[in-house]
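**Q** Starting from the structure of chain A, add chains B, C and D where the hints point.
Here is what each chain is made of, one letter per residue.
There are 4 protein chains.
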Amino acid sequence: MKKDFINEDWSEVVVIVLERNATEKQIENVIKHLEDYGFSVHKSTGVEQIVLGAIGVQPNFDSRKISIIDGVLQVHRITEPFKLASRTFQKENSVLKIKNVELGGVAIPVIAGPCSVESEEQMMTIAEIVKNAGAKILRGGAFKPRTSPYSFQGLGEEGLKLLRKAGDEYELAVVTEVMESGQIEIVEKYSDIIQIGARNMQNFSLLRELGKTQKPIMLKRGMAATVEDWLMSAEYILASGNKHVFLCERGIRTFETYTRNTFDVSAIPVVHKRSHLPVAADPSHATGLRDKVVPMARAAVAAGADAIMVEVHHDPEKALSDGPQALLPKQFEDMMKQLKAIAEVIGRTM
Amino acid sequence: MKKDFINEDWSEVVVIVLERNATEKQIENVIKHLEDYGFSVHKSTGVEQIVLGAIGVQPNFDSRKISIIDGVLQVHRITEPFKLASRTFQKENSVLKIKNVELGGVAIPVIAGPCSVESEEQMMTIAEIVKNAGAKILRGGAFKPRTSPYSFQGLGEEGLKLLRKAGDEYELAVVTEVMESGQIEIVEKYSDIIQIGARNMQNFSLLRELGKTQKPIMLKRGMAATVEDWLMSAEYILASGNKHVFLCERGIRTFETYTRNTFDVSAIPVVHKRSHLPVAADPSHATGLRDKVVPMARAAVAAGADAIMVEVHHDPEKALSDGPQALLPKQFEDMMKQLKAIAEVIGRTM
Amino acid sequence: MKKDFINEDWSEVVVIVLERNATEKQIENVIKHLEDYGFSVHKSTGVEQIVLGAIGVQPNFDSRKISIIDGVLQVHRITEPFKLASRTFQKENSVLKIKNVELGGVAIPVIAGPCSVESEEQMMTIAEIVKNAGAKILRGGAFKPRTSPYSFQGLGEEGLKLLRKAGDEYELAVVTEVMESGQIEIVEKYSDIIQIGARNMQNFSLLRELGKTQKPIMLKRGMAATVEDWLMSAEYILASGNKHVFLCERGIRTFETYTRNTFDVSAIPVVHKRSHLPVAADPSHATGLRDKVVPMARAAVAAGADAIMVEVHHDPEKALSDGPQALLPKQFEDMMKQLKAIAEVIGRTM
Amino acid sequence: MKKDFINEDWSEVVVIVLERNATEKQIENVIKHLEDYGFSVHKSTGVEQIVLGAIGVQPNFDSRKISIIDGVLQVHRITEPFKLASRTFQKENSVLKIKNVELGGVAIPVIAGPCSVESEEQMMTIAEIVKNAGAKILRGGAFKPRTSPYSFQGLGEEGLKLLRKAGDEYELAVVTEVMESGQIEIVEKYSDIIQIGARNMQNFSLLRELGKTQKPIMLKRGMAATVEDWLMSAEYILASGNKHVFLCERGIRTFETYTRNTFDVSAIPVVHKRSHLPVAADPSHATGLRDKVVPMARAAVAAGADAIMVEVHHDPEKALSDGPQALLPKQFEDMMKQLKAIAEVIGRTM
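Chains as they are written, first to last, in my numbering: chain A, 25 to 374; chain B, 25 to 374; chain C, 25 to 374; chain D, 25 to 374.
Same shape as in the complex, but just chain A (with noise of 0.2 Å):
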C-alpha cells in the first residue's frame, strides 16, 4: 500500500450556494457535515439567496460530498488543488540547469533531432547539423508511443547509445522518452532530460517513480489536459521529490482535423501566470505538417516560451516515423534566425 502525501499547512476554501427555499433544519445540516469535515463556516445571507463560506485543513477534499445534500444548490471549490506547482507558493520563476544549458532564464534553448534514433550515421548527421543552427539540446526517441502495434517501436538501448554518443560528439545536452518504470533505469543512465509523453501525462505510476530520481523532466502536456490537470501531474513529480521539472505544450485534441491537434499557444502565458515552472512548446507534433512548424514556433517563441522542441531530418522521406513533420536542414537554419530576432524583440536571448 501506498502512502499518500500529505500537506498539512494547506488550506481549502468551499463555497456553498444554498436553494432558495432551503428549510433551517437543510441549513443546519449541511453546516454540521462541513464542521465535521474539518471546516469552519462562515454563513451570508443575501436578499434571495443564502451562501455558505468554509475555510478548513482538508486537502483536496471533494466538493461533490455537500453537492449531494439536501438543500444544497451549487458548490464551489475555490482552492487550486496544486501547490508545489503554483505560483503562489513560489514567486521566482524555476531556472533549471541542465549541463551547460538554463531553462527558464532569459535565453531560450531550442531543443532538435530526429523523431526515432535510426542509426549511427543519422544521429551523427542530425545532430551536426543542428549544433551549427544553434540548438543546445539533442532530441531522439529510442521507446516510441505509436498509435498501431504494426509501427516501428524504437531501437531500445542501442538507441539511447547512439543518442548519447551524438550528443556527446557535439556537446549537446540530450533528451529522450521513457514509457514505463522499468525503463527509467537505463533511461537515467544515458539521457540529461528524460520526457514524458503525451499519452503518459496521466500514468500516475511512471510520474511517482521519475518523482524519485533527480533527472530533469520534460513534461508533455496531454492532448485532453486542461492546464489544471497538467499542473496537478507535475505535482505528482514535484510532490515525489524532483524539483527539477518543466512543461512541454504540444496541442490538445479539438473538433478541427486540418491539423492533426490545435496548439494551444495561450497556455504558455496561461502557465506562466499560474505556475513558477518553466514551459517548452512543441509545435512539430501540434501541427503534424512540416509547413506549419515554422510559424507555429516562431509564434511559441513570441508568446514567451522558454524552449522551443521541433523534429528535423536530413533525409525525412526516409525516416521510420513522422518524417513529414521533420524540418529539412535549411528550414531549420532560416527559422534559426527568425526565432533568434523574435526572442530579441521581447528582451529575451537564443
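Read the hints as simulated data drawn from the structure, not as lab findings.
A few of these clues could be false.
Note that identical chains are pooled: a pair holds if it fits in a single copy or bridges any two copies.
Said to hold, decoys possible - Listed next, the in silico DSS-like pairs over lysine-lysine satisfying Cα-Cα at most 30 Å (straight line):
| hint | residue 1 | residue 2 |
| --- | --- | --- |
| 1 | K67 | K123 |
| 2 | K56 | K354 |
| 3 | K155 | K213 |
| 4 | K239 | K155 |
| 5 | K267 | K189 |
| 6 | K342 | K89 |
| 7 | K189 | K121 |
| 8 | K123 | K267 |
| 9 | K239 | K185 |
| 10 | K56 | K342 |
| 11 | K89 | K67 |
| 12 | K236 | K189 |
| 13 | K115 | K89 |
| 14 | K342 | K267 |
**A** For chains B, C and D alone, kept in the frame of chain A given last:
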C-alpha cells in the same frame, strides 16, 4: 423560393470502399447508383479490397447517399466543398483596399478601439490614442450580440454616427458589426467594413444579403467552426457577388476553461494554404483576459496574420462591455512597437 | 437603441480569493471597488487565504472587472446567469399545449417528417405514414440553413402551405424552422411551432423578435453551446414576453468524427435539474446516419426526453436533403413500438 | 529492441488528389514514390482533377509522406488502421466467458461495487447488496489512479484479497484496475477481469504486457480518444495474443462542464458497426453525479450496451473516493428493475 447557385465547371470526386464480402450484384448496384447520379466510375481491385473512384459534375453531392447502399464499407468525398474561396481557384493572395488601407498585402494593419461605442468623448479619446500609436482602422460596436438579455445591447444608429465621426476626425477607416439583415443598410452607410460576428458565422440569410453589397466584410470564425465550415461561409458571400471578404480568427471552444476560448493560431497558416483570402486575428475575444492579449497578438503576427484586431479603452473599469479584455493605452503603444519589430523579422511591415 | 431588460429582484453572488501576499491596501481597494459596484461584502480570513464574499443587486455583473484588480487571485461568479428559465425561479415543469398535444407532461409526443418539404405528394405520403405509426407533430423544412450555398435551399412559402395542408389533412400539429426575423410573420401564419435551428441559437435579434410572438418555440442547442448558453438563449425569448419555449438537444461538436455530432444524452437530465422547460431530442441530426437514429431515440426516451424528433422519408434516396439520415417507414413503425415500451418502464406514455 | 508485428495479408488503399496545375513531371514523381513504397497505382483523369488510387501491401503507411511531395493537393488513407478488432475481419460478435458469466451475448451483465476497496466489512456489505439485486460482477479498486497525489491511492494487495473474498462469498466474478506492468502478476492472481483505465488507454507498454496474459481485459475509452484510437488500443492487446477483450465507454472530454465528462452513448452502436468486440458502459464516471447515473444507465441499455458498470456504496458520505457518484442500495435495486425491462424491449435479457 430562393434559387440555388450553380457551378457547372466544378467536378466532384468520391471514393467508395466496398465491403470485403460484397457480392457481384451489390457492386453492380453501387456502380449503377453512381452512374445515375451522373458520375463516371473507375473500379480498382486490390488483394482484398475493391475500391471505386467516381468523378463527375455533381457539386456538393451528399456522399452519405452512397454510404447507405448495401455492400459499401466507406465513402470518402475528396473534393473541397468550396470553390471561390479556394487557393486552387485563385493562386494569388487577395488584397483588399479599404479607403487608403491595404489588407492582405505586405503591410499588417492594426484594428483597434473599444468593444462598444459608448459616447462621443470616449470615441474621440480612444481614436486619438490608437491613431497616434499606429492603428489604421477603428473598431466599435453599435449593435452588440450579448449572451445575456440583461446586458448592454449597444447604442444603435447613434453609435454608428459616433464611430464614423471619430474615424473621420482621425483619418481611420472604421469597422462595426451587423447582427441582422435589417441593419445592413444603415451600417453600410456609416462603416467602411462590415463585421459578421462569431455567433452569426452560419446565419446564412445574413451572409447572402451581405453578398449583395460591395462593402468589405470581416467574417469572424464561429466557436465550433472548422476551417472548412468557415471557408464555406465565405463562399456564401463570394457566391452572392461580393468579392471583398477577409477572415478573422477569434478562438474556438475547447475543453480548456482557463481562457474564454482557445486561440487557434495555427488556423492562420492553414487558411493561407487552403484559401487566397486574407486572415486577421483577434486575441482580445480569443482569450478574454487583458494580460493574455499582448503575447497572443505577437504570436498571431509571428504566425503570419494579415491584420490584428484588439480592444483598447482609456478607462476599462468603466467600460459598458468587455472592459477586462481591453488594453490600456500604454499597453497598446508598447504592443505596437513589438508587433512592428516581429513583422519585420518575417519580411512584413506595419 | 434597444432597451435592456431589468430584473430588480435578482441578487448576484461573487466570491473573490485574494493572493496570499496581498497587502492591506490592496484588500481595501478590492473591497472599495465591490462596494462601488453595489455589493455588500463579507471578509473571511483562513489559515493562509483571505476570501471575500459579495452579495448585491447587480444582474449579470462582469466578474472579470474584479479579476484584474491587484491582489486578486481568482473570482468566482456564483449566481446562475439566467432567471426566468431556471428551476430555482419555477419549481414545477412547464407544460406546453400545442393544439391538442401536450409537451412536457407525462406523454412523450413524437415529431416526425421529412428534412425538407419537397412536394404535395411527398408531404401527404409521409404525413399518413407518421400519423398511422403514432406521431403527433409533423415536421418539414421550407427555409433550409445549408452549409453550402450550392445546396437546395427550400421551397419557401410554397413549402409552408404544403406542410400546413398535410398537417390539417392528418390532424397533426406542424413545426418548421425560421431563419431570420423577416420570415417570422409568414411562418407564424402556417406553423404551430416555430423552430430555431442550432446555427441560430445565438442569433439574438431573432430570439428577441420571437419573444414578441405567442407561438411555441423549439430552441435547438447550438453545436458549441453549453447547457448554460442554451438556457441563456431561452432566457432571451422568455424575457421578451413569450413563455412557450421548449428545448431540443441535437448533438454537440467534439473531436469524434465518426458521427456527425456527439449526441449529448446526459443534457436531458441536466436540463431537467436546472430548468423547468421541457427538452426534446433529435437523434437524426445528432448522428447523421440512419442506423444510429433508432438506438439513439431509444436512449433519449430512456434518459427522460419530453419529445422525440426524427426524420422520416418514404424514398430517402431521392430526398433533396439529408436523405441518408431519414428513417424508412418500416423502421419508424418499429421504433415507435420500442419507444412506447421504454416510456412505460419509466412511468410515461406515448 | 521490440519486434514489430507484421500482417502480411493486409492491403492498404490510399487516394491522392493532385493539384489542378500539377505538371506531368510532378505527377510522374508522385507515382514513382508510390511504386517505391510498394503500391500499385491507378490514375483517373477528370474534367479538372487527376486522382491517383494506390493499393498495396503497406500496413500502417504514413500517408503524410505523400502529402509533402510537390503537386499533391490531398491524400486520403482509405483502409481502417486496425484489423483484428475490425468487424471486417470477424463478422460475428465476440462473446467472452468469464467464470459463469457471458459478456457479448444476449444477456447484459451488470458490474457493480464501490469505487475503492476500503475494508472487509464494506466489501461484504456491498457485495451482498449488488448480488441480491442481480449484479453478476463485483468491482472495486485496489490501485487507484488519482488526479491528485494527495488523494487516497488504494489499499494495494490487501484490497485485492478483500475483493476476491467478497466475490467468492457471493459468487460474483470480480474486476479491478491495473496501473502498471509491475502489478499485472498480482492482479491476475486475484481478479477475473483486468481493467485498463481511461488514463492508461494509450499506455502501450501496459497494453502489450496484458496481451501476453489470457485474462479478459476491460479497456476503458480515453477521455480524448476517438473510437478509432480506442480500437487501435484494443488491436495492441489482440495483436499481442490475448483475444479476450471488451471495451467500456466512460465519457469523453468536451467543452460542456456541467457533467464531468460527456457520455458518448452513440459510441455503443458505432463500435458495434465497426468491431466485433463487446462494449460496456460506465455512466458513473461519465457523469460524476449520482442523480445522472440512473437515466444514463437506462440510455446505455436502450442504445445496445453489452454490460453496464456502476458504482454502489452503502454509505457514500464516508466513501474514501468518488462517493458522490455512487448509487445508494435502493437506487441500485430500482435501476436494475428498469434496466431489465428496457433490455426486454430490445430482445435482450439481464
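**Q** Look at each hint and say if it fits the structure.
**A** So, going through the hints one by one against the coordinates:
no., hint, in the structure
1, K67 x K123, "neither (55 Å within a copy, 49 Å between copies)"
2, K56 x K354, "between (69 Å within a copy, 25 Å between copies)"
3, K155 x K213, "within (23 Å within a copy, 52 Å between copies)"
4, K239 x K155, "within (23 Å within a copy, 49 Å between copies)"
5, K267 x K189, "within (27 Å within a copy, 42 Å between copies)"
6, K342 x K89, "between (56 Å within a copy, 9 Å between copies)"
7, K189 x K121, "within (21 Å within a copy, 52 Å between copies)"
8, K123 x K267, "within (16 Å within a copy, 47 Å between copies)"
9, K239 x K185, "within (18 Å within a copy, 37 Å between copies)"
10, K56 x K342, "between (68 Å within a copy, 15 Å between copies)"
11, K89 x K67, "both (19 Å within a copy, 25 Å between copies)"
12, K236 x K189, "within (26 Å within a copy, 34 Å between copies)"
13, K115 x K89, "between (33 Å within a copy, 24 Å between copies)"
14, K342 x K267, "neither (39 Å within a copy, 34 Å between copies)"
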